[in-house]
Each structure stands twice: as C-alpha cells, then as structure tokens.
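**Student:** Take the sequence shown: its position 51, counted from the start at 1, is 137 in our numbering, and no numbers get skipped.
Quick caveat, the hints were computed from the structure, so don't treat them as lab data.
So the derived label-pair ranges between C-beta atoms look like this:
#, residue 1, residue 2, range
1, GLY140, ARG112, 17 to 23 angstroms
2, LYS91, GLU113, 24 to 30 angstroms
3, PRO116, SER142, 19 to 25 angstroms
4, GLN118, SER96, 15 to 21 angstroms
5, GLU121, LYS91, 17 to 23 angstroms
6, GLU114, ARG94, 15 to 21 angstroms
7, SER139, ARG94, 24 to 30 angstroms
The beta carbon of each residue, even a glycine, is placed where N, CA and C say it ideally should be.
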Amino acid sequence: MKKQKRDRTSTLFNRGFLAGINGRSREECPVQTIEMRSHWMSGWREGREAHWSGMSGVSAIQANPSLH
Numbered sequence: 087m088k089k090q091k092r093d094r095t096s097t098l099f100n101r102g103f104l105a106g107i108n109g110r111s112r113e114e115c116p117v118q119t120i121e122m123r124s125h126w127m128s129g130w131r132e133g134r135e136a137h138w139s140g141m142s143g144v145s146a147i148q149a150n151p152s153l154h
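Work out the full structure: start from the sequences and follow the hints.
**Tutor:** So, in structure tokens, the structure goes:
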C-alpha cells in the first residue's frame with residue numbers, strides 16, 4: 087500500500103505551529119515564497135498563541151489535532 091503524501095501547505099502549517107509552540111522566532115521561517123511563507127506564519131502564530139496560553143506537550147496537540 088502506498089503512503090499518501092501530505093499537502094505541502096499543511097506540512098508547512100504544522101512545522102510553523104511546532105516552531106511557535108517551542109518559542110522559536112518567526113525569522114527562522116525556512117521558505118521564501120510569499121504564498122508558502124504565509125502558511126508557515128499562520129501555523130507559527132497559532133503555535134505562539136498556544137505557547138502563551140501555557141499549552142505544551144499533549145495539551146498542544148489538543149490545540150492542533152493535525153499533529154497526531
């Protein structure tokens with residue numbers, strides 16, 4: 087059975103979320119194209135909000151169920 091590849095935008099969102107939840111700077115965004123950068127940044131913003139709300143570990147997964 088073939089493994090289904092994820093959409094690039096959802097992958098960038100999840101990586102941005104993880105960067106935000108871990109307190110990393112938005113300057114560490116790995117992509118330069120505006121469209122792709124916006125997906126990473128929106129994930130980063132949600133991750134920062136979760137970080138500021140005190141979520142970490144398992145509670146962070148509840149904030150973003152796509153990380154399962």
